[in-house]
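Below, each chain spelled out in residue letters.
2 protein chains.
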Amino acid sequence: MPSLSLAQINPTVGDLSANCDKIVAFARDAAARGADLVVFPELCVCGYPPLDLLESPRFIDAVEAALADLALRLPPDVGVIVGAPIRNPNPIGKRLFNAALLFEGGRVAAEVRKRLLPTYDVFDEYRYFEPGATSTALSFRGLRIGLHVCEDMWNNEEQADHHLYEANPIDLLAAEHIDVFVNISASPFAVGKHERRNKIVSEICREHGIPFVLVNTVGANTEIIFDGDSRVHAADGSLIVCAPSFEEHLLFWDSGDTATRCSMPHRDVVDLHDALVLGIRDYFEKTGAFDKALVGLSGGIDSAVTCALAVTALGADRVTGITMPSRYSSPGSVDDSAALAANLGIEFHNIPVGPAVDSFASMLSDVFANTEPGVAEENIQSRTRGLTLMAVSNKFRYLLLTTGNKSEMSVGYATLYGDMNGGLAVLSDVYKTDIYTLAGYINERDGANVIPRSTIDKPPSAELRPGQLDSDSLPDYDTLDRILRLYIEGHREYDDIVRMTGFDAELVIRILDLVDQNEYKRRQAAPGLRVSTKAFGMGRRVPIVMNWQRADAIQRLETRT
Amino acid sequence: MPSLSLAQINPTVGDLSANCDKIVAFARDAAARGADLVVFPELCVCGYPPLDLLESPRFIDAVEAALADLALRLPPDVGVIVGAPIRNPNPIGKRLFNAALLFEGGRVAAEVRKRLLPTYDVFDEYRYFEPGATSTALSFRGLRIGLHVCEDMWNNEEQADHHLYEANPIDLLAAEHIDVFVNISASPFAVGKHERRNKIVSEICREHGIPFVLVNTVGANTEIIFDGDSRVHAADGSLIVCAPSFEEHLLFWDSGDTATRCSMPHRDVVDLHDALVLGIRDYFEKTGAFDKALVGLSGGIDSAVTCALAVTALGADRVTGITMPSRYSSPGSVDDSAALAANLGIEFHNIPVGPAVDSFASMLSDVFANTEPGVAEENIQSRTRGLTLMAVSNKFRYLLLTTGNKSEMSVGYATLYGDMNGGLAVLSDVYKTDIYTLAGYINERDGANVIPRSTIDKPPSAELRPGQLDSDSLPDYDTLDRILRLYIEGHREYDDIVRMTGFDAELVIRILDLVDQNEYKRRQAAPGLRVSTKAFGMGRRVPIVMNWQRADAIQRLETRT
Numbered sequence: 222m223p224s225l226s227l228a229q230i231n232p233t234v235g236d237l238s239a240n241c242d243k244i245v246a247f248a249r250d251a252a253a254r255g256a257d258l259v260v261f262p263e264l265c266v267c268g269y270p271p272l273d274l275l276e277s278p279r280f281i282d283a284v285e286a287a288l289a290d291l292a293l294r295l296p297p298d299v300g301v302i303v304g305a306p307i308r309n310p311n312p313i314g315k316r317l318f319n320a321a322l323l324f325e326g327g328r329v330a331a332e333v334r335k336r337l338l339p340t341y342d343v344f345d346e347y348r349y350f351e352p353g354a355t356s357t358a359l360s361f362r363g364l365r366i367g368l369h370v371c372e373d374m375w376n377n378e379e380q381a382d383h384h385l386y387e388a389n390p391i392d393l394l395a396a397e398h399i400d401v402f403v404n405i406s407a408s409p410f411a412v413g414k415h416e417r418r419n420k421i422v423s424e425i426c427r428e429h430g431i432p433f434v435l436v437n438t439v440g441a442n443t444e445i446i447f448d449g450d451s452r453v454h455a456a457d458g459s460l461i462v463c464a465p466s467f468e469e470h471l472l473f474w475d476s477g478d479t480a481t482r483c484s485m486p487h488r489d490v491v492d493l494h495d496a497l498v499l500g501i502r503d504y505f506e507k508t509g510a511f512d513k514a515l516v517g518l519s520g521g522i523d524s525a526v527t528c529a530l531a532v533t534a535l536g537a538d539r540v541t542g543i544t545m546p547s548r549y550s551s552p553g554s555v556d557d558s559a560a561l562a563a564n565l566g567i568e569f570h571n572i573p574v575g576p577a578v579d580s581f582a583s584m585l586s587d588v589f590a591n592t593e594p595g596v597a598e599e600n601i602q603s604r605t606r607g608l609t610l611m612a613v614s615n616k617f618r619y620l621l622l623t624t625g626n627k628s629e630m631s632v633g634y635a636t637l638y639g640d641m642n643g644g645l646a647v648l649s650d651v652y653k654t655d656i657y658t659l660a661g662y663i664n665e666r667d668g669a670n671v672i673p674r675s676t677i678d679k680p681p682s683a684e685l686r687p688g689q690l691d692s693d694s695l696p697d698y699d700t701l702d703r704i705l706r707l708y709i710e711g712h713r714e715y716d717d718i719v720r721m722t723g724f725d726a727e728l729v730i731r732i733l734d735l736v737d738q739n740e741y742k743r744r745q746a747a748p749g750l751r752v753s754t755k756a757f758g759m760g761r762r763v764p765i766v767m768n769w770q771r772a773d774a775i776q777r778l779e780t781r782t
Numbered sequence: 222m223p224s225l226s227l228a229q230i231n232p233t234v235g236d237l238s239a240n241c242d243k244i245v246a247f248a249r250d251a252a253a254r255g256a257d258l259v260v261f262p263e264l265c266v267c268g269y270p271p272l273d274l275l276e277s278p279r280f281i282d283a284v285e286a287a288l289a290d291l292a293l294r295l296p297p298d299v300g301v302i303v304g305a306p307i308r309n310p311n312p313i314g315k316r317l318f319n320a321a322l323l324f325e326g327g328r329v330a331a332e333v334r335k336r337l338l339p340t341y342d343v344f345d346e347y348r349y350f351e352p353g354a355t356s357t358a359l360s361f362r363g364l365r366i367g368l369h370v371c372e373d374m375w376n377n378e379e380q381a382d383h384h385l386y387e388a389n390p391i392d393l394l395a396a397e398h399i400d401v402f403v404n405i406s407a408s409p410f411a412v413g414k415h416e417r418r419n420k421i422v423s424e425i426c427r428e429h430g431i432p433f434v435l436v437n438t439v440g441a442n443t444e445i446i447f448d449g450d451s452r453v454h455a456a457d458g459s460l461i462v463c464a465p466s467f468e469e470h471l472l473f474w475d476s477g478d479t480a481t482r483c484s485m486p487h488r489d490v491v492d493l494h495d496a497l498v499l500g501i502r503d504y505f506e507k508t509g510a511f512d513k514a515l516v517g518l519s520g521g522i523d524s525a526v527t528c529a530l531a532v533t534a535l536g537a538d539r540v541t542g543i544t545m546p547s548r549y550s551s552p553g554s555v556d557d558s559a560a561l562a563a564n565l566g567i568e569f570h571n572i573p574v575g576p577a578v579d580s581f582a583s584m585l586s587d588v589f590a591n592t593e594p595g596v597a598e599e600n601i602q603s604r605t606r607g608l609t610l611m612a613v614s615n616k617f618r619y620l621l622l623t624t625g626n627k628s629e630m631s632v633g634y635a636t637l638y639g640d641m642n643g644g645l646a647v648l649s650d651v652y653k654t655d656i657y658t659l660a661g662y663i664n665e666r667d668g669a670n671v672i673p674r675s676t677i678d679k680p681p682s683a684e685l686r687p688g689q690l691d692s693d694s695l696p697d698y699d700t701l702d703r704i705l706r707l708y709i710e711g712h713r714e715y716d717d718i719v720r721m722t723g724f725d726a727e728l729v730i731r732i733l734d735l736v737d738q739n740e741y742k743r744r745q746a747a748p749g750l751r752v753s754t755k756a757f758g759m760g761r762r763v764p765i766v767m768n769w770q771r772a773d774a775i776q777r778l779e780t781r782t
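Protein sequences appear in the order of chains A and B. All you need for our numbering is the position in the first sequence, starting with 1, plus 221. All you need for our numbering is the position in the second sequence, starting with 1, plus 221.
Okay, chain A solo, but in the shape it has when bound (with noise of 0.2 Å):
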């Protein structure tokens, strides 16, 4: 039976040349040590998402000249399935397949097309896809497999409550008589993503007899993050061999072997923190536009994560950590900050930004006259450290990451042009109570209190006037991200959140209005590494401009039933 490799490359979106030079040596690699079969994930050619990049013909001219230099470099004596974007040919429709191309002796032997394409979420492929037609199987060297592209896996009876497409092309696949399901996917990273795989790949295997092959693309672009979790499944459901998740790896299968023998427990908070650490590393090689990366330390747990994190993927020597007390900054903020960085080992700077606030303070005196100090002037503290630190980032080439939890960034407690800038926001997918755990792993992981016990006890608060606790304005945050949780990953109304949490009504009201409210502060936030079923940004599209009135309209539902 042929020898399968299962190659969890890590592309670039739009590198092409890069991007084929790795499958080729990914693929020379495999063919070296006995496969016969390399398959690598979806659109690997060109990265995931590749977004507009697709509608530029010259691109697909350039993804094509590619393929065919492929079809050359390729070794000849293997088989090398690899996924692109492929023109169509019928005039109408939309111009590209996102398409699983099997090279075999120096040409394309065989294609085939996505037909489930995902348009919610984060996902756009309708925006530049036609969708397949048709499932047939492929036979490669007396297999006979069931060849097909992410989506086409997910439309399973067991995991969804509402069908949105008509075909089931696993089902169609499994009526070909094949001997392997063979699965080329870019799917994304959310906690909890490795059971769900497991979960809906033993099931098709059970339901159907077959094994299954899943290739998934690893490694981050932008905001999206995949875990890799490549995996072959035996035809009872169990997993013989599993990639380690957020590394490239080439991974064999013997498609004669049944002999289950990998174990890979997942733990939540393990894959929360690996999936940050790659998506920063990767945020900042891939750019390759910054010497370093860049964190504000006010002493609290959001910025001291962040930094660990950064640590952690890019090393020491390439973080720099700078506090800035203001008149209001408790003697903690700097302690702690100072305590951090020399627990870390890192760069670390001390700027007062109080002649600053001072200077704003005098040059608006007279149009600031017989007002009260609010909003505006706490707003000025947050916005000269954010200047600051940007000065600090544009003079050095440092990569400035914003330190913001999604608890915050889901009520608008945050200042834009202020402690929202940077250029990618770590946390701004990761509540607040999760944040603890995370800074508990880490100092579990670590052997020691890197992150200062100071700093994972402290009250929350964000020091811009005098005694402010985050609990002044918001309530505890096991209730807010409670409520936050059903409203956003769960796509839950006020009046259903209240029957399950038993929470005021009118606390649920206004915590939803302040989500919806300040869509605009969120439109304007960098890019934030995507960790949950719904985060903020190109996956949750909100008007700003709207007035949907959810309490009158709701109850109005509720006195006609």
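Bear in mind the hints are in silico, worked out from the structure with no lab data behind them. The beta carbon of each residue, even a glycine, is placed where N, CA and C say it ideally should be. Please note that the accuracy of each hint is not assured.
Label pairs and their computed distance ranges (CB to CB) [claimed, not checked]: (1) B:HIS383 with A:GLY327: 26 to 34 Å; (2) B:ALA289 with A:GLY314: 55 to 63 Å; (3) B:THR780 with A:GLU506: 27 to 35 Å; (4) A:ASP697 with B:GLU710: 37 to 45 Å; (5) A:GLN770 with B:HIS383: 39 to 47 Å.
Using the hints provided, position chain B relative to the given structure of chain A.
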């Protein structure tokens, strides 16, 4: 023959209750004035684009309740066509249809589902909607109507070099022996759209010998501006009646009447002006979050035009201008700003930013020791201005309008968290060369040099270092804008642009690479008013982290051929 009324209304996204009140008021008015059938625009019940509000089942419940109320409240003796999202009863496919509903006698008498779902540029309809499967005529008091929704009329051979869709609803409806086409639209404005509509509608009329009623929505929702431009064409394609653009209007047409009596020539600069005014006004009024608009005045043409547009949109008493000179500002920057403010009759402040700039210089002196002044210092100036404007915005609930133009935003000639600050980018879809035309029209329109001559005549400069001119870093704007138009609106790659313009290939590559590399800035830009066929923002989705090596790839292509 029944008399029709075209109700060109301005709904607010999500505000079901206000939108339905407006529909009822217009329908009653039309009925009182003799209409038999009143036609409203696409999705007028929920506003366009509702985006992910459509994913909330409770929002759809509320739409259903609003439609049930409409049935009771609409005048029972006339027919009323409205656009609304309705549930897909089939458990397979997207959960909604984008529908046109005919109300008559207190109930929904007919329902038409949109078939062609635009999923390109700013449109994401396949994210939410299942395409309708059929095109059939409906009868209303002896009139056979070919009712359809927006995109269903745009699959026309003369217009497209490539057919996006299999179905052609126009041909199918024409075959149903109809007396009139009725199209309900949410068709956005772009400069020249009026003429494009004239062309496509009159071609349809002539091809089939059938008159055409088009009812388009009006108003701006965040970045998208709808111009209205509703009209009736005779069977020979000539315009019978047409509504004024950029305002609500109730238009009447007796379906037996073929007398051409509409002549509404459109001038591009006037449309552009009126679109921007509407965009500012609707953002301001529909959010309801602001007391005034605020513009930072540099003495340059962009801020002057932005400010003049704001005064036309909101009135002089709701606009404030602030000039913020630094040591590198020319004397003209303050004098021209003061003259503009006086001409417009607005509140005006002069807040020199020197003290804040000096504070940052001293705060950063240790960290910046032994470095040369450069972009970091220039950005500090821009950011102290941005911070000052935001302080005033926060203190007094002023909407800060950003003044950057499309040429600058394209190549990143703008400072994040500095001059890019603001809630709405008024000119970010207008090239610099067009801003001069706009300034000329504003002065022509107001019969006086509202925008000072010296503002129009001075060479463009950011004034961030001594003697700085835009032309130090960029080609002249005629050259730059020509390249940008071909790349952004024209979707041309550098080799085509070089062939078409004769410009130096290195220059063209440098400009196109600058556009791509500055996506990270635009991702954090304020939403901008869309007035072209390709604006930055939601309609142009480009990866931040990518490495498309256009020069290498395209040169390699040319070697091949």
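Quiz prompt | Pairwise beta carbon distance, ASP697 (chain A) to GLU710 (chain B), judged against the given window 37 to 45 Å | solution = violated, 51 Å
Quiz item: Taking the CB of THR780 (chain B) and the CB of GLU506 (chain A), does the distance hold inside 27 to 35 Å?
Solution: Because 30 Å falls inside the window, the suggested range holds.
Practice problem: Confirm or reject the claim that HIS383 (chain B) and GLY327 (chain A) have a C-beta distance inside 26 to 34 Å. | Solution: Since HIS383 (chain B) and GLY327 (chain A) have Cβ atoms about 32 Å apart, the given range 26 to 34 Å holds.
Quiz item: In this structure, is the beta-carbon distance linking ALA289 (chain B) and GLY314 (chain A) contained in 55 to 63 Å?
Solution: Between ALA289 (chain B) and GLY314 (chain A), where Cβ atoms are some 38 Å apart, the hint is violated.
Quiz prompt | HIS383 (chain B) and GLN770 (chain A) - C-beta distance against the hinted 39 to 47 Å | solution = This hint holds: roughly 42 Å between Cβ atoms.
Consistency note: the structure conflicts with the earlier hints numbered 2 and 4.
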